[in-house]
Amino acid sequence: MEVNQYLSMFIDESKDHLQAMNDNLLALENAPDDISIVQHIFRSAHTLKGMSATMGFEDLAHLTHEMENVLDLLRNHKLTMDEFIFDVLFKGLDSLEAMVYDIIEGGSGKSDVSDLVRNLQSIVSGDYKSQSGPQASAAPVKSEEASSFDLDEFQISILEQSMEQGMLAYSIQVGIREDCVLKAARAYMVFEALEQNGEVIKSSPSVQDIENEKFDRSFSVYYITGLDQEALTGLVGNVSEIESVQATQLTAESLKQLQQSKQQREEEQKSVQAAAGDSSAAESKAGRQAQGAPAAKVANRTIRVDIERLDVLMNLFSELLIDRVRLESLAEEIRRNELTETVEHMARVSSDLQNIVLKLRMVPVESVFNRFPRMIRDISKTLEKKVELEITGADTELDRTVIDEIGDPLVHLLRNSVDHGVELPNERVSNGKPETGTIHLRAFHSGNHVFIEIEDDGKGIDRHKVLKTAIKNNVVTEQQAQSMEDTEVYQLLFASGFSTADKISDISGRGVGLDVVKSKIEQLGGQVSVESKLGVGTKFSIQLPLTLSIISAMLIRVGDEKYAVPLSSIVETMAIAPDKVRRVHGNPMIDYREGVIPLVSLKEVFECPDSAADKPEDLNLVIVRKGDKVISLEVDEFIGQQEIVLKSIGKYLTNLFGISGATILGDGQVSLIIDPNALFK
Amino acid sequence: MGEELKVIVFSLGQEEYGVEVDKVRTIERMVPMTRVPKTPDFVKGVINLRGVVTPVIDLRGRFGIEEAAYTESTRIVIVAYGELEVGMIVDAANDVLDVNTDNIEDPPEVVGGIKAKYLRGVAKVGEDRLLILLNLEEVLNKSEIIQLEQLEE
Numbered sequence: 001m002e003v004n005q006y007l008s009m010f011i012d013e014s015k016d017h018l019q020a021m022n023d024n025l026l027a028l029e030n031a032p033d034d035i036s037i038v039q040h041i042f043r044s045a046h047t048l049k050g051m052s053a054t055m056g057f058e059d060l061a062h063l064t065h066e067m068e069n070v071l072d073l074l075r076n077h078k079l080t081m082d083e084f085i086f087d088v089l090f091k092g093l094d095s096l097e098a099m100v101y102d103i104i105e106g107g108s109g110k111s112d113v114s115d116l117v118r119n120l121q122s123i124v125s126g127d128y129k130s131q132s133g134p135q136a137s138a139a140p141v142k143s144e145e146a147s148s149f150d151l152d153e154f155q156i157s158i159l160e161q162s163m164e165q166g167m168l169a170y171s172i173q174v175g176i177r178e179d180c181v182l183k184a185a186r187a188y189m190v191f192e193a194l195e196q197n198g199e200v201i202k203s204s205p206s207v208q209d210i211e212n213e214k215f216d217r218s219f220s221v222y223y224i225t226g227l228d229q230e231a232l233t234g235l236v237g238n239v240s241e242i243e244s245v246q247a248t249q250l251t252a253e254s255l256k257q258l259q260q261s262k263q264q265r266e267e268e269q270k271s272v273q274a275a276a277g278d279s280s281a282a283e284s285k286a287g288r289q290a291q292g293a294p295a296a297k298v299a300n301r302t303i304r305v306d307i308e309r310l311d312v313l314m315n316l317f318s319e320l321l322i323d324r325v326r327l328e329s330l331a332e333e334i335r336r337n338e339l340t341e342t343v344e345h346m347a348r349v350s351s352d353l354q355n356i357v358l359k360l361r362m363v364p365v366e367s368v369f370n371r372f373p374r375m376i377r378d379i380s381k382t383l384e385k386k387v388e389l390e391i392t393g394a395d396t397e398l399d400r401t402v403i404d405e406i407g408d409p410l411v412h413l414l415r416n417s418v419d420h421g422v423e424l425p426n427e428r429v430s431n432g433k434p435e436t437g438t439i440h441l442r443a444f445h446s447g448n449h450v451f452i453e454i455e456d457d458g459k460g461i462d463r464h465k466v467l468k469t470a471i472k473n474n475v476v477t478e479q480q481a482q483s484m485e486d487t488e489v490y491q492l493l494f495a496s497g498f499s500t501a502d503k504i505s506d507i508s509g510r511g512v513g514l515d516v517v518k519s520k521i522e523q524l525g526g527q528v529s530v531e532s533k534l535g536v537g538t539k540f541s542i543q544l545p546l547t548l549s550i551i552s553a554m555l556i557r558v559g560d561e562k563y564a565v566p567l568s569s570i571v572e573t574m575a576i577a578p579d580k581v582r583r584v585h586g587n588p589m590i591d592y593r594e595g596v597i598p599l600v601s602l603k604e605v606f607e608c609p610d611s612a613a614d615k616p617e618d619l620n621l622v623i624v625r626k627g628d629k630v631i632s633l634e635v636d637e638f639i640g641q642q643e644i645v646l647k648s649i650g651k652y653l654t655n656l657f658g659i660s661g662a663t664i665l666g667d668g669q670v671s672l673i674i675d676p677n678a679l680f681k
Numbered sequence: 001m002g003e004e005l006k007v008i009v010f011s012l013g014q015e016e017y018g019v020e021v022d023k024v025r026t027i028e029r030m031v032p033m034t035r036v037p038k039t040p041d042f043v044k045g046v047i048n049l050r051g052v053v054t055p056v057i058d059l060r061g062r063f064g065i066e067e068a069a070y071t072e073s074t075r076i077v078i079v080a081y082g083e084l085e086v087g088m089i090v091d092a093a094n095d096v097l098d099v100n101t102d103n104i105e106d107p108p109e110v111v112g113g114i115k116a117k118y119l120r121g122v123a124k125v126g127e128d129r130l131l132i133l134l135n136l137e138e139v140l141n142k143s144e145i146i147q148l149e150q151l152e153e
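These protein sequence lines are chains S and E, in that order. Heads up: the first sequence begins at 1 in the UniProt record's numbering, then just goes up one per residue. Heads up: the second sequence begins at 1 in the UniProt record's numbering, then just goes up one per residue.
Hints in this document: simulated from the structure, not taken from any laboratory. We put the beta carbon where it would ideally sit given N, CA and C, even for glycine. Hints may be right or wrong, so weigh each one.
[Said to hold, decoys possible] Computed from the model, here is a short list of chain E residues facing chain S with C-beta under 8 Å:
no., residue
1, V24
2, I27
3, T39
4, I78
5, A80
6, E83
7, L133
[Claimed, not checked] Each computed DMTMM-like pair below joins lysine to aspartate or glutamate, with the alpha-carbon atoms no more than 25 Å apart:
no., chain 1, residue 1, chain 2, residue 2
8, S, K603, S, E637
9, E, K23, S, D33
10, E, K23, S, D311
11, S, K562, E, E85
12, E, K38, S, D610
13, E, K38, S, E637
14, E, K124, E, D41
15, E, K38, S, D675
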C-alpha cells in the first residue's frame, strides 16, 4: 500500500481520536458510571487500532488493542472504573500520543509499551486488584466470544445492501484440526481463499488475533460472495488441516434478528446502567448527549485542507484581482455597457470570493483549548491542588497561523495560574474560599481582535514580593520601586529571567519565565497584560490580531511610491502648516498635545525619488506610536485605509531598514509595509 | 563523454552566459518594480510574480559592469537557488542549449570585469561560441549583500 499518501490523514485523524479519548476519559472521571462515555472511548480506540494496524504501526495498534480489551469489559459491566484503571488508561493515552507525535516527526512510532500492556492485561485478568490489596471482590469474567461477535450498524448495513444487490451473505464457522501445527497459517489460507471470491465483513476473533494465533480451534466470519453454499464449503474445505466448515446463508430475516438481539443487549445494558447510576446524573448526561449528537453531524461536514493549498489559492486569487483591475480599466476605455456590467459583476463576485478565501483560514481556538483540561488535571494532581477549568468561547475563530503559535504561551500562563495562583485546598478553606479553585479560560472577539483571558481565583500577586525580587535582580532600583503603580509592578513579571516562585517546582520556575510568553505574543502582533487583586485572584489578558496574514493598514504616498502603515501603530493623521515645524538642535519637531514630538520625513528616510508635482500645501502627518513614545511621519498623501494581505519579502533581502514586509495592491503592484517601530530613534 | 547539461542562455553586453535550466523558474519581460529603500544599487526592487513578492537584481550591477538602459529585449530570469528565489535582469535571453560537461573549462581570471568566483566555468559550444556558466551560489551570496549594505552606511 502506498502509505505516505495516507500518512497525513492518519495523523490528523489519530490526533482527533486521541483528543476525543482524552476528553471522554476526563468526562468519565466525573461520571464513572456513564457507560455511554465508555462506548465513545471504545469506538475511538477501535478506529485508532484499525488505522494504525493498516498503516503498519504495530506498537500503536498493539497498545490500543489492549486498551480496547479493558474498555470492552467496562462497557459490558464486567469491570468498574477505579483510580488504577483511570491512571493506566491515561498513561496509555500518553504513550499513544507520544507514538503519534513520533510518527509526525518522521519516526516509526515504535515504543516500548510492555509495562503498560502488562498493566492493562492485569486489569483484564483482575490480577491488579489482588496485587493492590484486599479489595479484590468478584473477579471480572472474561469477555465472551459471542458478545464480541456483534456486528455494528455499518457492517449490518453493508450486509443488507449486498443482499439487495443479489450477493449472498454467509456466516461461516471454520474448525481447524486438533493436530494442526500452524493454525494461523491455515486461517490465513482460509482468509485468502475467501477474499479472492468475496469480502470478509467481520471475523471473530479479529484478524489480528487470528494472525497471532490468539484463537482456539475455530473461528467464524461474516462473508459476502457470489458463490453458493456448496462451492463455498468446498472452497474453504480444500484448505488442508481444516476439520469442519459450516456456512449458514444469512437472510434479511436473520439479519434482523441479529440486529434485534444486539439492540436488546444494549437496552439491557442501559437499564442496568440506569438502575446502577444515580438517576438524576443519568438524566443530565442524556441531555448533554442529545445536544452532542447534532454537533457531531456538523463536524462531519468539514474537510481537511492542507494550509499550503490555501496559500496557493490565495496567491491565485491575488492574480485574479490584478486581472480584474486591468479589465476594469479596459472597460472604462471601451465604454460598452455589457462589458462594464460584466466587469462590475465580476468585481462583486471576486470580493465575495476574497472574503471566503480569507475565512477558510480561520480555525476555532477549540483546537488549542481542548488539550488544557487534561493538562490542568495532571498539574493539579501533581501539586495536590483542586482546580476546575472553565472554558468559554472555544468556538472563537483565529487565523491558522496564530492558532499554531498560541498554544505554548497559553500552556505557560495556565501552569502559572495553577502553580502560583491557586492555593492549596487547606489554605483556601482557611481563607474562606471554596476548596476547589477555578480557572476561567475565555476567548472572545472584540473589534479586529481576539482576546484570550486566563483568570484564577487564587491568591493574587503580592506587590511587595514582586518588588523585592525585582530589586534583588536589579530590574528596578529601590527608589523607582516606591513610586511604581500596581500595573507597572505587574509588568515586571514579564521582565526576563524573573520568577517569584519561592521554590522551584516541577511545573514552573524552570528559568523560562513570563518574558518568553510576552515576546511570543508580541511576535504575533499581540499584547499581554495582567490585573490582580491580592487574595482575590489574577487575570492575564491577551490581545491578538484576528489573523497574521491580513492587517488593516493606511496606504500613503511618498514621492512616487506607495507604502502601507499598519493601522495598529497609527494614533491619528493630521495636517499642519509648514511654518508650524520647529527646530530643536537642528531636528524638526512639531507641537503635539502639550508636548513636542519629532517629525520624520519618510521621503528623506527612504530616499524616495520625487517627481510628483502636486505638492500639498500643508504637511500631511501620520502620528505613530511605539509603547508610550510618539512620532510623526511626514507623507505626501493619504490614499486610504485598506485591508492588506501580508506577503513575505523573501529570504534574499533581509534586515531591511524600516520595512516589515510587502503586500500586493489591487493593481498588481507591490507595496512595502513600513515598520514604524524602526523609525523611533 | 560527459553528461549533457541543459542551460538557458542569456546575454550581458557582448558575452553569453548560461545557467542550468533546472535552476530557472521562468523568464519574464520587464514589469514595474517597487524600489526597496536602503538596499545596494544592484537590487532593483521587488516584483509581483504571480502573487509572490520576488526581489530583482540587475546582473550588470551585481557584477560591477556599467548598467545599461532597459530595452525591448531586456528580460528578468527568475532563478531559484536553495531557499532563495531571485530575478536577474539580463540584456536578453535567447536560447536553450545542451552543453557537454566535458567541454567546460575553468573560468579565466577575469571575464568582462567579472570576478572568477561568480563563474563556474566556460563552455565551448559549436565552432566558436563561448558560454560562461554562472555559479549561482556566489551570485546570490547574501553575505556579500550585507557587506555592501554596511559599506553604504
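Hints versus structure:
Given the 8 Å rule on beta carbons, the hint for E:V24 is violated: about 16 Å separates it from the nearest Cβ of chain S. Because the smallest distance between the Cβ of E:I27 and any Cβ of chain S comes to about 18 Å, over 8 Å, the interface hint for this residue is violated. For E:T39, the interface hint holds, since its Cβ comes within 8 Å of a Cβ in chain S; the closest pair sits about 6 Å apart. Given the 8 Å rule on beta carbons, the hint for E:I78 is violated: about 11 Å separates it from the nearest Cβ of chain S.
At a threshold of 8 Å, the smallest CB-CB gap from E:A80 to chain S is about 11 Å, leaving the interface hint violated. With a cut of 8 Å, the hint placing E:E83 at the interface with chain S holds, because the nearest CB-to-CB distance is about 5 Å. Here the hint on E:L133 is broken, as its CB sits about 21 Å from the closest CB of chain S, past 8 Å. Annotation: proposed proximity of S:K603 to S:E637 holds, straight-line Cα distance about 12 Å (limit 25 Å).
Of the pairs offered as hints, the one joining E:K23 and S:D33 is violated, with about 65 Å between alpha carbons and a cut-off of 25 Å exceeded. Of the supplied pair hints, the one linking E:K23 and S:D311 holds, its CA atoms being roughly 23 Å apart against a limit of 25 Å. Taking the CA atoms of S:K562 and E:E85, the gap is near 24 Å; set against the 25 Å cutoff, the hint holds. Of the supplied pair hints, the one linking E:K38 and S:D610 holds, its CA atoms being roughly 16 Å apart against a limit of 25 Å.
Taking the CA atoms of E:K38 and S:E637, the gap is about 22 Å. The hint holds against a cut of 25 Å. Our distance criterion of 25 Å between C-alpha atoms is broken by E:K124 and E:D41, whose separation comes to about 33 Å. Restraint check for E:K38 and S:D675: satisfied, since their Cα atoms lie roughly 14 Å apart, inside the 25 Å limit.
The structure shown violates the earlier hints numbered 1, 2, 4, 5, 7, 9 and 14.
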